[in-house]
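The listed protein sequences correspond, in order, to chains A and B. Using the numbering used here, the first residue of the first sequence is number 1, and each one after it goes up by one. Using the numbering used here, the first residue of the second sequence is number 454, and each one after it goes up by one.
Do not rely on the hints blindly, as some may be mistaken.
Claimed, not checked - List time: in silico EDC-like cross-link candidates among lysine to aspartate or glutamate, alpha-carbon distance up to 16 Å: (1) 362(A) - 412(A); (2) 332(A) - 68(A); (3) 500(B) - 296(A); (4) 500(B) - 68(A); (5) 500(B) - 273(A).
By construction, these hints were calculated from the structure, which means they are not laboratory data.
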Amino acid sequence: MSGTRIWSRVMLLAVVLATGVGAVVAPAVRVRAQDGPSGEISFAFWGDPAEEAAYTRVAEEFEAANPDIDVELVYTPGQNDYQTKIATDFAGGNPPDVFLINYRRYGQYAARGALEPLGPRLDASATLNDDDFYAPPMEAFRYRGGELSCIPQNVSSLVVYYNQDLFAQAGVDEPEAGWTWDQFAAAAEALTVDEDNDGIAETYGLAVDPSMIRYAPFIWGAGGEIVDDLDAPTTLTLDTPEARAGIEFFINLGHTGIGAVPTEAELLSEDDESRFMRGGAAMLLQSRRVVPTLREIEGFAWDVAPLPVGPAGPVGILHSDAFCLAAEAENKDAAWAFIEYAVGVKGQTILAETGRTVPSLKAVAESDAFLKGNALGGELGVGLPPANSRVFLDTIPDIRRVPSISTWPEIEEAFNTAFQRAFYIEIDVDGALDVSTFRSREAFQRAAEEDQT
Amino acid sequence: MRRGGREMGVRAWVDRSWRHAILLPLVAVFVLPLVWMTTTSLRETGKPLPRTLEWVGDPVAWSNYPAVFDLLPLWRFAANSAFVVAVAVPLTILVASWAGFAMAQLPREWRLRLTLLSFGVQMVPLTAVWLTRFVLFKQLGLIDTPWALIAPAVMGSSPFYVLLFLWTFLRVPREVFESARLDGANPLRVWVGIAMPLARPTIIAVSVLAFVLYWSSFVDPLVYIRSTDRQTLPFALQMLFQLDRSNWPLLMAGAVLVTGPVVLVFLLAQRYFLQEFRGQGFLGR
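Generate the whole structure from the sequences, applying the supplied hints.
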């Protein structure tokens, strides 16, 4: 996988040339024709078959409303394959006009000037305003704190999914807003049941992936920081007493501590989602994307709760994807018309019905399409789980994010390698800190050099 | 005589038992994943995956197979794959055998140089040529057409296939080709009439290898094809791979359908491989 990543990065270098040349020959901004944009545009995205169906519907309804514009869909199933594909498309001078991307990965395109800034177009929009969207995802797509590069479509933060039946059986109070780290750890420990005392619990209190985007809210919750400057980071800042306290609290949940999280061997035999669905884990830390999967649970009741609150107050972590417009796109007005539609009320409602996303548009997030999960044509007012979908909206004011610099995926990789070790086997936190700081140093430097904005 | 015959029978039986005792565990290692794939494809969807090796589930969900066809345009992908294979495999045989035949006729020195070059080319990782190929195909207008997937066949698909043919033709005594030429046969006639009939096991082997190469290629369609309705079967598997784990019986049903033709092709070609052990194949000479 990392080999693929390196090669996609090498290919991206070619974007420098491509966009450089494009800037010189680019025609002056076209005066908008009175009868509206027309022509053909391409739109690249990834997702499972249900998401593909949803994006296809967005495109079809857009075409119905704008008969002069044709949307060519470029679909790739897996997210990593998708990154490879669009990196090649950009490097080969054949980029999609509109494409979907995560905020932790768009930096490599923004740094090379491969994205058309969308801030001015949003300001000029007749149907959408900046204020219609939640602020955290919008900030994430202002590259290095500057102009808005892309328009986010969701704000799917991290929450705690929990098995209500297991909580009731163990006599543990269900989590409520404002519950503390101590209550969280105590619940995880109480819900871990190893009846035959063989060291392998039949039921674990918690299933969580020890990666940066799961550690992050605990580092922040203890008052620590991950980097020195969110918009222009130069180093990881995990070696502070606060950040360490957060890391140590997180690691202590695993089997080197209270043993409430499956061991690595257990994880290899069954992934976290399957374990939770079987009733083998009482809590699951995940973003909104698992909801359609969990809706297939039949054996028990479940709901969502906000993340527990640490010493430094409530905090969540942003998960968000956005629609971007390629600087090289020939038909920018038509492409913008599509983005405007897709991130608008109509487009986001269609996407919200998949159950996978928390809409970035306040109006859609507050609607039944999201809160009750009513599929179009479904019975109104019946509602699908989770009952407490509002948790996703209540945590938005406390959401923080990681940087979006061009080399960020490599830095996360350096962190993950070290801290997965620290979580599963007993390498000390000092070792993991040193390794991740050392291995990310070069990536921070390269990001500063690559930045052309 | 009869006693002796029985003794021979017993010894042969013991020999065979030993061989089976060694081979059966090996067979199990290779067959178990296929068995697991098939049994999982018959599990009901909507349940977490089994934690242990589970034999045929209860109830047996044959409906997973039609469900895969409902979920995605599998026939479309299969037709695209079949077209690529149908063009690319014969083309590979043609080009690779020509190249191998030509190399076999060269003076030793030049043959060695070209062999070394082939090894060098073989070692270039596929990832290193993605972008150059992409730019080339874009200039030629091949992006988003099956011809971008078939293009490598124009160069024999892989230097390894060319070398296989080279080694096969080198085993044929030079005099055979030379006397044909003295009789007035041109190179094409020598290739058709003498070289290719002698290379039958190699043709089968390269066909199977090329079939698997094009049938299972995922990166090429990923990078060079844009429209979903022009994608091939590995793309369908990637789509199914995105399903929730509880729906992975559908992925396994897809995998059974996609690997089926490969198993079939191998079984059909198998008797030619077995011939080799009897001394008729090119390895047996």
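* Earlier hints that do not hold, by number -> Numbers 1 and 4 - these are the hints that the structure violates, sorted from lowest upward.
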